[in-house]
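Let chain A serve as the given structure and place chain B on it in line with the hints.
From first to last, the protein sequence lines stand for chains A and B. For the first sequence, position 100 (counting from the first letter as 1) is numbered 100 according to this note's numbering, and the numbering increases by one without interruption. For the second sequence, position 8 (counting from the first letter as 1) is numbered 119 according to this note's numbering, and the numbering increases by one without interruption.
Don't take every hint at face value.
Unchecked claim - Straight-line distance between alpha carbons at most 27 Å, and here's what the computed DSS-like set of lysine-lysine pairs gives:
(1) A/42 - B/125
(2) A/98 - B/166
(3) A/56 - A/2
(4) A/98 - B/177
(5) A/2 - B/131
(6) A/98 - B/125
(7) A/42 - B/177
(8) A/42 - B/131
(9) B/152 - B/175
(10) B/152 - B/166
(11) B/175 - A/70
(12) A/98 - B/175
In short, the hints are calculated from the structure, not lab data. Since the model is a prediction, treat every value here as computed from it, not as a measurement.
So you can see what is in the structure, the chains are spelled out below.
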Amino acid sequence: QKEVEQDPGPLSVPEGAIVSLNCTYSNSAFQYFMWYRQYSRKGPELLMYTYSSGNKEDGRFTAQVDKSSKYISLFIRDSQPSDSATYLCAMSAAGFQKLVFGTGTRLLVSP
Amino acid sequence: GAVVSQHPSWVICKSGTSVKIECRSLDFQATTMFWYRQFPKQSLMLMATSNEGSKATYEQGVEKDKFLINHASLTLSTLTVTSAHPEDSSFYICSARAGTDQTLAKNIQYFGAGTRLSVL
Chain A
1 QKEVEQDPGP
11 LSVPEGAIVS
21 LNCTYSNSAF
31 QYFMWYRQYS
41 RKGPELLMYT
51 YSSGNKEDGR
61 FTAQVDKSSK
71 YISLFIRDSQ
81 PSDSATYLCA
91 MSAAGFQKLV
101 FGTGTRLLVS
111 P
Chain B
112 GAVVSQHPSW
122 VICKSGTSVK
132 IECRSLDFQA
142 TTMFWYRQFP
152 KQSLMLMATS
162 NEGSKATYEQ
172 GVEKDKFLIN
182 HASLTLSTLT
192 VTSAHPEDSS
202 FYICSARAGT
212 DQTLAKNIQY
222 FGAGTRLSVL
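Only chain A is shown next, with the shape it has when bound in the complex (with noise of 0.2 Å):
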């Protein structure tokens, strides 16, 4: 079993439709989670991060943590054409530099 589960997708949905990316983890040490997004040939960008469990919300983006579920989110609101690309969940343990990351969810976002 490994320690990001993430479904590859694709997930298509309609301009304007509200997107839901999930991860699960199995590592309770997990503290710190980010998600990613990366367009085709191009490096990661980070959207969101969160310190442990909680919702936290930056314009049409919101990332929420539960871990007592191990169980992370990444909701689009208004999606847009341009937010097709391929999403990354990433985490790590405190006082630990690797990130583990998830498969990756390729979103598609038709006009």
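Quick look at chain B alone, frame taken from chain A:
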């Protein structure tokens, strides 16, 4: 803030030659830098972790004599692919993590735009 510059973005070389890729943190000091390799439609695979002034720590299965990493300053790390062969063709990405005395969030890695290496 937190800009990481990676150069070149694309390089084509002949088999047997060496290629150097640079990774710079432009607006913060990166005590730790990471090098990843990514195959099409796959996630990032960590190759090595480098701390400024120290030897890099390579992941299992990564040949340290083939992938030379230098992290000589707090803003620059280089990856040299020595005697490149077609199987080394891939997308290489660096990331940087700020030191603990800086305002950037801890445990967050900021990524470069990546380098596409094609070995003929």
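27 Å Cα cutoff - pair residue 2 of chain A, residue 131 of chain B | 33 Å, violated
Straight-line Cα separation of residue 175 of chain B and residue 70 of chain A no greater than 27 Å?
-> 35 Å, violated
Are residue 98 of chain A and residue 166 of chain B close enough, with their CA atoms no more than 27 Å apart?
-> 16 Å, holds
Taking only the CA atoms, is the gap from residue 42 of chain A to residue 125 of chain B under or equal to 27 Å?
-> Distance of about 24 Å is within 27 Å: holds.
Is the Cα-Cα distance between residue 42 of chain A and residue 131 of chain B 27 Å or less?
-> Since the Cα atoms of residue 42 of chain A and residue 131 of chain B sit roughly 19 Å apart, the hinted pair holds (cutoff 27 Å).
Holds or violated: residue 56 of chain A to residue 2 of chain A, with C-alpha atoms at most 27 Å apart | 26 Å, holds
Verify the proposed pairing of residue 98 of chain A with residue 177 of chain B, using a straight-line Cα cut of 27 Å.
-> Status holds; Cα separation ~22 Å.
Does residue 152 of chain B pair with residue 175 of chain B here, judged by a C-alpha cut-off of 27 Å?
-> Holds - the C-alpha atoms of residue 175 of chain B and residue 152 of chain B are around 25 Å apart, at most 27 Å.
Within 27 Å, alpha carbon to alpha carbon, are residue 42 of chain A and residue 177 of chain B?
-> Roughly 24 Å separates the two Cα atoms, so the pair holds.
Take a quick look at whether residue 98 of chain A and residue 175 of chain B sit within 27 Å of each other, Cα to Cα.
-> 18 Å, holds
Given pair status - residue 166 of chain B, residue 152 of chain B, alpha carbons within 27 Å = 31 Å, violated
Taking only the CA atoms, is the gap from residue 98 of chain A to residue 125 of chain B under or equal to 27 Å?
-> 33 Å, violated
Hint violations for this structure: numbers 5, 6, 10 and 11, all remaining hints satisfied.
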